[in-house]
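Chemist: Sequence:
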Amino acid sequence: MIGWIVLMTVVDVAMVQLRLGSTAIFFVDLLLALLLGFEASSLRRWSYSRRNWRQLDIIVADDLEAAERRFFERWGTRRAAGSGQPPVDRGAPPPVRDRSGQSFANPPPLPAGGIIGLFPEPGGQR
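Under our numbering, the residues of the sequence shown are numbered 787 to 912, in order.
Derived from the structure by calculation, the hints contain no laboratory data. Note that the coordinates shown come from a computational prediction; the quantities given were computed from them, not determined experimentally. Even for Gly, the Cβ is constructed at its ideal location relative to N, Cα and C. Heads up, some of the hints might be wrong.
Distance ranges between label pairs, derived from CB positions [as the list claims (entries may be wrong)]:
# : residue 1 : residue 2 : range
1 : Arg855    : Ser808    : 50 to 56 Å
2 : Leu806    : Leu842    : 44 to 50 Å
3 : Asp849    : Ala826    : 19 to 25 Å
Let's have the full structure, built from the sequences with the hints guiding it.
Modeler: Take a look at the structure:
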């Protein structure tokens with residue numbers, strides 16, 4: 787939060803020193819606010835990952851109490867069944883395809899029919 791205030795202040799002071807109009811300053815501030823809005827969840831996930839928090843599950847519920855109840859019901863049945871899947875670290879940077887030794891470095895071959903999906907033939911009828 788403090789970093790955001792400092793960034794906006796520095797940008798605004800720099801734009802005033804460059805003698806930009808108030809409309810330009812408004813649109814630059816708007817674009818920076820949109821950027822923060824779009825990236826806020828990624829920044830939060832990255833912050834949690836730095837503090838060694840791990841995502842155990844994703845729960846959809848109407849309120850916090852229902853979400854907690856659903857989470858602990860699912861978590862208890864998984865641990866009892868012995869399918870203790872390790873938590874997913876969603877805070878790490880995205881994988882890069884050209885790193886050797888990673889499971890996605892060599893993607894599986896395409897099926898015999900080519901592309902799977904709504905448009906199985908490249909450039910074909912839609």
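Chemist: Does each hint hold? Answer for all of them.
Modeler: Status of the hints after comparison with the structure:
no., hint, in the structure
1, Arg855 <-> Ser808: 50 to 56 Å, "holds (51 Å)"
2, Leu806 <-> Leu842: 44 to 50 Å, "holds (47 Å)"
3, Asp849 <-> Ala826: 19 to 25 Å, "holds (22 Å)"
Checked against the numbered hints listed earlier, the structure breaks none of them; every hint is satisfied.
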